[in-house]
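A.B. asks: Residue numbers (my numbering), protein chains in the order written: chain A, 1 to 390; chain B, 1001 to 1198; chain C, 2001 to 2391.
No lab work stands behind these hints: they were computed from the structure. Quick reminder that beta carbons are idealized off the backbone N, C-alpha and C, glycines included. Treat the hints loosely; a few may be bogus.
List time: in silico DSS-like cross-link candidates among lysine-lysine, alpha-carbon distance up to 30 angstroms [unchecked claim]: (1) Lys254(A) to Lys196(A); (2) Lys1075(B) to Lys1085(B); (3) Lys1127(B) to Lys193(A); (4) Lys1174(B) to Lys310(A); (5) Lys1075(B) to Lys319(A); (6) Lys1083(B) to Lys1070(B); (7) Lys310(A) to Lys1075(B); (8) Lys106(A) to Lys310(A); (9) Lys1148(B) to Lys1127(B); (10) Lys292(A) to Lys193(A); (11) Lys1070(B) to Lys106(A); (12) Lys2332(C) to Lys1008(B); (13) Lys310(A) to Lys1070(B); (14) Lys159(A) to Lys1127(B); (15) Lys1127(B) to Lys196(A); (16) Lys1008(B) to Lys196(A); (17) Lys71(A) to Lys1070(B); (18) Lys2380(C) to Lys1008(B); (19) Lys310(A) to Lys1172(B); (20) Lys254(A) to Lys106(A); (21) Lys1085(B) to Lys1172(B); (22) Lys1081(B) to Lys1127(B); (23) Lys1148(B) to Lys1081(B).
One side only, chain A facing chain C, incomplete, derived with CB under 10 angstroms [as the list claims (entries may be wrong)]: (24) Ile31; (25) Ile217; (26) Ala220; (27) Gln223; (28) Gly224; (29) Met281; (30) Asp370; (31) Asp373.
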Amino acid sequence: MSQAETKIDKPEGWNRPAAIVPDGEGEMLEISMGPHHPSTHGVFRMDVTLDGERVVRLKPVLGYMHRNHEKIAEGISYLASMPYTDRLDYMCSLTNNWAYALAVEKLIGQEVPERAEYLRVILGELTRFQNHASSIGFLIQEMGASGTPLMYAFREREKILDLFEELTGARMMVNYMRFGGCRVDASPAWLDKARKVVADLPRFVDEFERLLCSNEILMARTQGVGVLRPELAINAGVTGPMLRASGVNYDVRKVDGYGIYNRFDFRVPLGDHWDVYDRFMVRLLEMRESLKILEVALKEIPGGPVMDPKARIRGLRPKPGEAYGRIESPKGELGFYLISDSGPNPYRYRVRPPSLINLTILEDMCLGHDVADVVLIFGSVDIILGEVDR
Amino acid sequence: MLGEGILKGLAETARNFFGSYFCAERMTTVEYPEQRIAPFEAARTFPFLVYDGADWQAGLRCVSCQICEKECPPKCIFIEKSKDKKPDALGKPQFYPVRFEIDISVCMSCQICVEVCPFEAIKMNTKFELSTEDRFGGLLLNREQLAKSNQYYHQIHATEAAEVDARLAAEKAKFDAKAKGADVAKAASDAAATGEGA
Amino acid sequence: MIETADQIFVLLLHWLVSFLPASWQSVASAVLCAAAIVCFFPALFAFTVWLERKGLGRMQNRLGPNRVGPFGLLQPIADGIKSLTKEDIVPLSADAAVHFLAPVVLVVTVFMGFAVLPMGRNMVLVDLDAGLLFYFAMGASTELAVFMAGWSSRNKYSLLGAMRAVAQMISYEVVLLLSSVVVVMITGSLSLTRIVEAQNHYTWGLPHWYIFTPWGLAGFVMYAIAATAETNRSPFDLPEGESELVAGYHTEYSGFKFALFFLGEYVAMFSISGLGTTLFLGGWSAPFSFLTWVPSWIWFFSKLMLSIFVFIWLRGTLPRLRQDQLMNFAWKFVLPMCLLNLLVTGLWRFLGDGWLRWVVCSAILLLAYVGIALGEQRRKHIGPRSYRYAE
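In isolation and in its complexed conformation, chain A is listed as follows (with noise of 0.2 angstroms):
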């Protein structure tokens, strides 16, 4: 049963969403996919509204991850915030630093140095590489397919992670990126352990493509499974993935090119039936175009210092403004907003959490479809709670 075959009755007003009118028989079935779900990515509550199966409105009810983290960076300096930013999506700490550190550096108009620029690429697009791993293996695990496809993303990860832990002490909470460059510097013994990780990887992503992408139960679940317009996708503010999986061609790496992003040639694979299915492969694909540019990062790294001399880490206070700093999270646009007053804490803190935003077209899509796949089109907006609660 398609979205198209069932009534949508649109109300007036931009901002409700469409709800179907039922039959008009038979009771409905009001249940709350309730904060703990092993599905639900996290502590996120679902209020769905059935009729038999299908799904008649969706109400997302968040706040249960909140950690007051944009009042907590207000109390302290610049530099304690940035341990905090890796908690924000805590699967991809390195990006979050990296988001902030670009829009305190824009605040005070700091210089980042070469190296340092090549060891953000390499960090990042490393941690777009698990983020995508492990989401796609969520999705699959979602399905059914007990965890296999699961365990193998995770077999990957903890190489890209064990990397992350020698070079900056940590798996997760990096900490690492700083304003003016990076914390530290990776010695040619990690750049080489780093060049042989990458040597190893596609050659996981032949293998798990193989495992699903020409398995008929996969695409006969995902296939035609919440689709979202491309014009509703713009209008809704949606980035990252999910937008390039609905067609639209908008990669933040593309249109700003921060950083060094430029110097390098990889594609933005575009998805043309907007479905579950696109969402998945689309990422499938950046994991390879990831591949492409660490490995001409890796070989091209120059030398040189990885933090500038000039820069100051203690003791900031930027003169009264404001920046907006944003880069292509892997879960879409990440950015964050300072207004500063001359103090040594910012006066505004606002992150702009692209998991939560995205999260908002999560009604329209499941609309008209099965209670079995609201899980798989709540796992293909990829979201991460602590990102969209802070």
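Given chain A, put chains B and C in place with the hints provided.
C.D. replies: What follows is chains B and C alone, placed relative to chain A:
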């Protein structure tokens, strides 16, 4: 769509099943606690205070400047400065911490305290088996529990400790040279004064 | 010697029963056989639980349980003790009698099916002339237990799960029967012992198992699909899906009753694999004529464990099918193929011996399979895709 995708998937799983008996890559389990992975040199868990020599109180490098306390993001360091001074490794009289406590249940291992310390006094430890049954203060480490010798620091972070020692030795050499230069200048001026006087 | 090893259980039974007076002997022998089945298959269930966890673990690049006993072999005992010592919670508004009887009905009907399976030469509990019919009658009764469990729990989610499960099981019951009918057509008898004996011949060392014929292979594949769906195993385990909304018809059961449901599901798996082995894989007959010295019951149980391993393998690899896709698959794809298989089997019988019937039957089945599969794919626009990149 004829079922060959399912067969390919089955072949992949079978390859992993049989490979897990032969190939180390396909059996990644490390049976903790009997087997352990050697920690990386750069790994970090919670901070500790470094002391030189044998006596932890006399050799403690910390001069209670309280910069780490100020910069700590979750504010888990509690320092109380002393009223008197004691000589440090260079011979200069410095304050010392009467009370230096870190609440490791709050500490988020961000390592900012290490970064901002000007005296190489606080470094990151790698021990993680720190669970305790004492709910009220078992995870509040005091000065004595935090103090570890420089030899221990060398054991856990060899390269870093060697660099720190080199930096401190260079500082000491500069200080000694300046002191010697000051002595020579002082002796010369004294001699000149007495020569003048005589 | 070979004869003794082959008939060791039969001889043991006769020896034990000979201690009793003649009028009691038949009853005693039936009771002893039933007791043996009731003791042996739960032990095999414990072993299979261990095998499943280790097998899935190895497929996922990890060790399975390995702390309890050597290689984790005592893990099922630990699980059993855990489920026995848990509190037995019965919901207040539940229908107590039905709630209590549901696992009992499941276990009893599942064990009844073993009465007609020939587990070795002369090793069948009751040699019924209509053994296959009896088996299917008992197998259909397990669905009753599933619905009793869902209904008595007074929980809308368990009821939802139970209705889904029953719908699935009824649809695939039809497929199961139709795919077994071809065997009856060729053998000419409903008796399972006759079916096995019909397959116990060898030509050039290779056996006459029905799986080695085109209609037998097609029948076996469809039987396997139906068996997976009947026992609610992956990829058809939506009724008890862990990551879905409803936890299934056994949500409201805890402690030993839950363990009984679990036991019932696995013993149903054994029973249906046993039937599949009997019908298509030659039951207790050896694969090659030079291997007939190995006792027959060893062959039966090896084939059974092989089928179990294939179930575990499928579970570790395939994602779940959605409910409506599952039903569509049964009624619109497998059932037409089953009916076609009946036709092909008839053709096989009447085309006479020779290479012609092999070619004709295989060709019809292959064409039909490819035709229907591609037709479905085209109609639903499902298939591999290629992706474009932005300029």
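A.B. asks: Run every hint past the structure and note whether it holds.
C.D. replies: Do the hints match the structure? See the list:
1. About 28 angstroms separates the Cα atoms of Lys254(A) and Lys196(A), which keeps this hinted pair within 30 angstroms; it holds.
2. In summary, the hint linking Lys1075(B) to Lys1085(B) is supported, as the alpha carbons are separated by about 26 angstroms, within the 30 angstroms threshold.
3. Distance restraint check for Lys1127(B) and Lys193(A): the Cα-Cα separation of roughly 25 angstroms lies within the 30 angstroms cut-off, and the hinted pair is therefore satisfied.
4. Among the hinted pairs, Lys1174(B) with Lys310(A) is consistent with the structure: their alpha-carbon atoms are about 24 angstroms apart, no more than 30 angstroms.
5. For a cut-off of 30 angstroms, the pair hint linking Lys1075(B) to Lys319(A) stands: about 26 angstroms separates their Cα positions.
6. Note on Lys1083(B) and Lys1070(B): the hinted pairing holds, with a Cα-Cα distance of about 20 angstroms set against a maximum of 30 angstroms.
7. The suggested pairing of Lys310(A) with Lys1075(B) holds, with an alpha-carbon distance near 28 angstroms, which does not exceed 30 angstroms.
8. Restraint check for Lys106(A) and Lys310(A): satisfied, since their Cα atoms lie roughly 16 angstroms apart, inside the 30 angstroms limit.
9. For a cut-off of 30 angstroms, the pair hint linking Lys1148(B) to Lys1127(B) stands: about 12 angstroms separates their Cα positions.
10. In summary, the hint linking Lys292(A) to Lys193(A) is supported, as the alpha carbons are separated by about 17 angstroms, within the 30 angstroms threshold.
11. Taking the CA atoms of Lys1070(B) and Lys106(A), the gap is about 25 angstroms. The hint holds against a cut of 30 angstroms.
12. Our distance criterion of 30 angstroms between C-alpha atoms is met by Lys2332(C) and Lys1008(B), whose separation comes to about 25 angstroms.
13. With a C-alpha separation of about 22 angstroms, the suggested pairing of Lys310(A) with Lys1070(B) holds against the 30 angstroms cut-off.
14. Under the criterion of a C-alpha separation no larger than 30 angstroms, the hint pairing Lys159(A) with Lys1127(B) is consistent with the structure, at around 22 angstroms.
15. Pair hint Lys1127(B) plus Lys196(A) holds up; C-alpha atoms about 29 angstroms apart against a cutoff of 30 angstroms.
16. Taken as a hint, the Lys1008(B) and Lys196(A) pair is honoured in the structure, with Cα atoms around 28 angstroms apart against an allowance of 30 angstroms.
17. Among the hinted pairs, Lys71(A) with Lys1070(B) is consistent with the structure: their alpha-carbon atoms are about 18 angstroms apart, no more than 30 angstroms.
18. For the hint pairing Lys2380(C) with Lys1008(B), the CA-to-CA distance comes to about 23 angstroms; that is within 30 angstroms, so the pair holds.
19. About 26 angstroms separates the Cα atoms of Lys310(A) and Lys1172(B), which keeps this hinted pair within 30 angstroms; it holds.
20. Restraint check for Lys254(A) and Lys106(A): satisfied, since their Cα atoms lie roughly 19 angstroms apart, inside the 30 angstroms limit.
21. With a C-alpha separation of about 20 angstroms, the suggested pairing of Lys1085(B) with Lys1172(B) holds against the 30 angstroms cut-off.
22. As the CA atoms of Lys1081(B) and Lys1127(B) are separated by approximately 28 angstroms, the hinted pair is consistent with the 30 angstroms bound.
23. Using a Cα cut-off of 30 angstroms, the hinted pair Lys1148(B) and Lys1081(B) holds, with the two alpha carbons roughly 20 angstroms apart.
24. With a least beta-carbon distance of about 6 angstroms to chain C, the hint placing Ile31(A) at the interface is held under the 10 angstroms criterion.
25. Checking Ile217(A) against chain C: minimum C-beta separation of about 5 angstroms stays under 10 angstroms; hint holds.
26. Here the hint on Ala220(A) is kept, as its CB sits about 6 angstroms from the closest CB of chain C, short of 10 angstroms.
27. For Gln223(A), the interface hint holds, since its Cβ comes within 10 angstroms of a Cβ in chain C; the closest pair sits about 5 angstroms apart.
28. Restraint check, Gly224(A) versus chain C: the minimum CB separation of about 7 angstroms is within 10 angstroms; hint holds.
29. Interface hint at Met281(A): satisfied, since its Cβ lies 6 angstroms from the closest Cβ of chain C, which is below the 10 angstroms cut-off.
30. For the restraint placing Asp370(A) at the interface with chain C, the shortest Cβ-Cβ distance is roughly 6 angstroms, inside the 10 angstroms limit, so the hint holds.
31. Hint status for Asp373(A): holds, given a least beta-carbon distance of 7 angstroms to chain C, under 10 angstroms.
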